[in-house]
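There are 2 protein chains.
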Amino acid sequence: MAAADADGYTKVKWNGWGAKNRKMEVDAEDPSLVRHTSGKIIRGILPFINTELGDPSQAMSKLDNTPSITIEEAIQKLQAPIVNPPFLAQMKEDLKEDQVKSDGESRVTHIFGKNYRDLWRMRRGMINRAPDVVLLPESHDDVVKIVNAAQKHNVVLIPFGGGTNVTGCVEPNPFETRRMIASVDIRRMSKMISIDKQSRTAVFQVGVMGPDLDEQLGRHGFMFGHDPDSYIYSCLGGWIGARSSGAYSNKYGDIEDMVLAVKLVTPGRGVIETPVAPRQCGMDLKHIIIGSEGAIGIVTEATIKIEPLPAVRRYEGWLFPSFEAGFAAFYKLTNAGISPCCLRLYDDDETRMSFALKTDTPFVQTVLSKGIKQFLSTVKGFDMNKVCLCIIGFEGTQTVVDFQRAQTKGIFCRHNAFNVGTGAGDNWQEKKYDLPYFRDFALSHKLWADVFETTTVYSEALSLWKGVKDAVRQVWKAEGKKGWIGCHTAHQYKTGCCLYFTFAGQQFDDNDMATLFAIKRAATEVMIKCKGNLTHHHGIGYEHVPWMPRYYQQGALDWMLRMKADLDPQDICNPGKLLPPARKKGESDAALEERRAKVMMFDKMGLPSAKL
Amino acid sequence: MAAADADGYTKVKWNGWGAKNRKMEVDAEDPSLVRHTSGKIIRGILPFINTELGDPSQAMSKLDNTPSITIEEAIQKLQAPIVNPPFLAQMKEDLKEDQVKSDGESRVTHIFGKNYRDLWRMRRGMINRAPDVVLLPESHDDVVKIVNAAQKHNVVLIPFGGGTNVTGCVEPNPFETRRMIASVDIRRMSKMISIDKQSRTAVFQVGVMGPDLDEQLGRHGFMFGHDPDSYIYSCLGGWIGARSSGAYSNKYGDIEDMVLAVKLVTPGRGVIETPVAPRQCGMDLKHIIIGSEGAIGIVTEATIKIEPLPAVRRYEGWLFPSFEAGFAAFYKLTNAGISPCCLRLYDDDETRMSFALKTDTPFVQTVLSKGIKQFLSTVKGFDMNKVCLCIIGFEGTQTVVDFQRAQTKGIFCRHNAFNVGTGAGDNWQEKKYDLPYFRDFALSHKLWADVFETTTVYSEALSLWKGVKDAVRQVWKAEGKKGWIGCHTAHQYKTGCCLYFTFAGQQFDDNDMATLFAIKRAATEVMIKCKGNLTHHHGIGYEHVPWMPRYYQQGALDWMLRMKADLDPQDICNPGKLLPPARKKGESDAALEERRAKVMMFDKMGLPSAKL
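Sequence order for the protein chains is A and B.
Residue 612, in my numbering, is where the first sequence stops; the numbers in between run on with no holes.
Residue 612, in my numbering, is where the second sequence stops; the numbers in between run on with no holes.
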């Protein structure tokens, strides 16, 4: 087997989510059924689509009409690479032959992340700017060589982990029309360097993917405890770059709590290693590197906190009569000092989707049974259109789990909740990584789906929830379109929580992105008004850059821009992401704003009429 | 009452700890007894001193021999202030008359922090460099005016909160022989600006002292939950500058967890406000400002997380047969996911001191009773010379407290611990702020006492504990002196904990500081070898600066130095603290090291022979 075959990016879909052999599709024999990636039947999804996204007969009639181009066609669409010969020569000298790739497949698979816009363009062959070369470092030292050569020869570097980013963090900047762009794929850097079992720390190369990381730790009886939706296909370095957070963050922490120290290679200032300590003294530099999206350098190694495998894992479902009731119960629970590992509340809209996406399992039959419905509506007084699903997970020792469950039960029951047992929890566990496959399914059936999320303080959370949904629906209304938007909360903090929105609509024409932009604009306005931040855990890519000058007070934004200029004086590190262009000497506010508007990728990528 | 009388610094001792009317002293009638600040009798302290610090008769004979000079004498010793007339004129224009003070008392009370070296010099009138003026801002805008004027006129600014710092953070740099130095006393900035009870956040001016902060929050049913030993006399801004941590950090967090956002006024780059969010996105700037010790600007306001007043507060004592046994029990408890609010383990030496410092209360009589001792040694098999006291505190709802207590009991009992009840806990609560009074008592009786602390990973903690104590004792042995050193753990993290050392000896002569330096050097060598950091929560002042180039990898240190140069290009912000001098253009490693050694305050302050 050639080394190329072993590289992660050759094993996953170039134009969709996940492994090449996994997909969700309409049943070959019965077109009213959809088959889950596992082969199980999902009965509810087509009726859900028909009801929520358009007139059923019309929606049905549009299925199977938006196939993807082939990878060969995509490769044909690539522009000839921009080559910086001395850089390439240096790389060929510094690295092994199979670490430097400029074949079509390598380039095509390193253009995009995996959000709706990314895949929509990929499937349609809307390629503006592909990386000119893909570099595959195997060690910190390899990265040092790459960064040094790139700095010397003014070549752009984009770190590329699992490529699952959904906020435009890994895409080449189309305004880079002269400089060579190298995508630095870190997936070969997947080794555990050391482990300290007593202190529960380990040092890893950051290209290690979720399952591999846990497999390496599992041999020693440990795990990491980080479980984002992208877990299977994303890596430690990506989590660090995006300031990621997993479904179990309430117990194991967000990525900044789980990473004790990092090693960063910068073009302007060499290697920066932050110290390892259970708690830092002085200035804590790691917090500038975590969340920096490759814009100040490339992270190569990290010291992480590791967790013992929990003795007990229990996930269960509850139904609340309304989102507000569930929200109040979560707030009470958190305030009482009870932090279950996982705590998710789906609003009425997302609860319906959640039910629709269920495969045929005993749980679904139970929840949807007439008997339960009747009990909830007559005995408990639920309005069945407002029912909200909650998934709660407990991990740890039996006694801790028992205690947390008892406390939860008390509080949830006082908020009129109804326990639907572990079936719902296990079902969530089984399906938690599946939403991207549903998005792929949607894309191939003249539909689309996307997500965004934020964090806000409790006093603003319900206003934000309502406000965002209203604003998004208003966009559809103004455009005469129909769409669906749902929301769930996850990641509970003492002062607030994350609100995660999923939304979907029908594909119409080449200008569909204009609708997406309008939706994102409208939603972000509400988020900012309601003290939400730009993202909770998806990272700051070009999807968020236009709002950076509004979200941050100018002094703070300018400080970040100066840090960037210091560490990356030629702007070779992932330009166009994280931060807007810096002010040029003597540039007026108006001129700066105009220039920023001109080169911001947000409203240009995927819109045929946009000026690039 | 004149406004000056209302200022905090006029109410506390200029040459010792705490309020002017509180002190620990030998009983007027029976010189074998010491009276606690509360007036209660402490019987154990003099015998403890005699046993641990020297031949009893000799030690006793030296009592009462090292009084302090008077404040009038101290004021006489002040050098004439260095005045920058345009700066002073600007300040007099920008601020009210009583906000600009250059009288002797104001200057004398803003020279030092409150460690042994500080008070030793203060009491002996060893004043090298006092601030030339004390400024008393009342608002963020006042601070902006001060910083702008200082930047314009090249005047040094040292933020001064409660003045309780013990690592040399508030002292004027003696190498500042030409520039005017202003101590910026923020204690008038003590207002709550807003509160969001639902989100449990509040915005405060950072000059607010601990009790005042909690009093203002208490009116709304909340508290902050931050309880450092300095609580009564220190303020929010000081806690932020020093990256402080309180006794209840296991439940309420370290200061960086409790502060959501800060507003910083910098000389070079204006105001930097970090965004308020339950969790940050992108680069998290607040972590550079927290712990920066005024070296990049002055923090004026902060958004903090507030906590509901707990329904139950229960503190109790346990005895472990050895430090190792207690350490293992704490480790197990933390790993099991049980985080009592407060968890402290005193080693054998510190346990003896702890008992010696007890006032006459039922607890002491119980613990020291022959019956208990006999039970522990015969039935439990304790070596009574190795017994270690543990203080554990639980706060929260009754059910959470009950659960944590039951879990703790199970684990502690498996480690052969013995519960000595709430008497010990209540006694600790009552006395937790008292150690500095004991230090003052020591200073006035030809003795001295000091502290330092660190954080390390679990696998190194016991080596560090033993290693530091051995190294310190080695210094005394080499110098033919006798001393006492004890240690306790506090602040339990998943990967490690804080180790806090207290040590004491006899005063000998004018060169006593040389012994202190030797002790600190020896201890820090061990700490660094055992992966300890420079401080857990006391902040990085000139006491730690010499080790910064060793603790931080060069890339990280240089980055911090560049941040400093960017925000404070003239080095007017607290020079000599936090960071060593930056490299001059073209300066060699050797020349830099030589220059740094020359101007580092650590080994010069308080040693008569040191070159200043």
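The reader is advised that the hints may include incorrect statements.
If several chains are the same, the list does not tell them apart, and a pair holds so long as it fits within one copy or across any two.
To be verified - Derived DSS-like pairs (lysine-lysine); straight-line CA-CA distance at most 27 Å:
1. 432 - 77
2. 251 - 332
3. 332 - 197
4. 197 - 251
5. 13 - 598
Since the hints were derived computationally from the structure, they do not count as laboratory data.
To see whether the hints hold, each was checked on the structure:
1. Taking the shortest Cα distances, residue 432 and residue 77 never come within 27 Å of each other, neither inside one copy (35 Å) nor across copies (72 Å).
2. Proximity of residue 251 and residue 332 under a CA criterion of 27 Å is satisfied in both settings, with 17 Å inside one chain copy and 17 Å between copies.
3. Proximity of residue 332 and residue 197 under a CA criterion of 27 Å is satisfied inter-copy only: 14 Å between copies versus 36 Å inside one chain copy.
4. Taking the shortest Cα distances, residue 197 and residue 251 sit within 27 Å of each other both inside one copy (19 Å) and across copies (25 Å).
5. In this assembly of identical chains, the alpha carbons of residue 13 and residue 598 never lie at most 27 Å apart, being 33 Å within a copy and 62 Å across copies at closest.
The earlier numbered hints that this structure contradicts are 1, 5.
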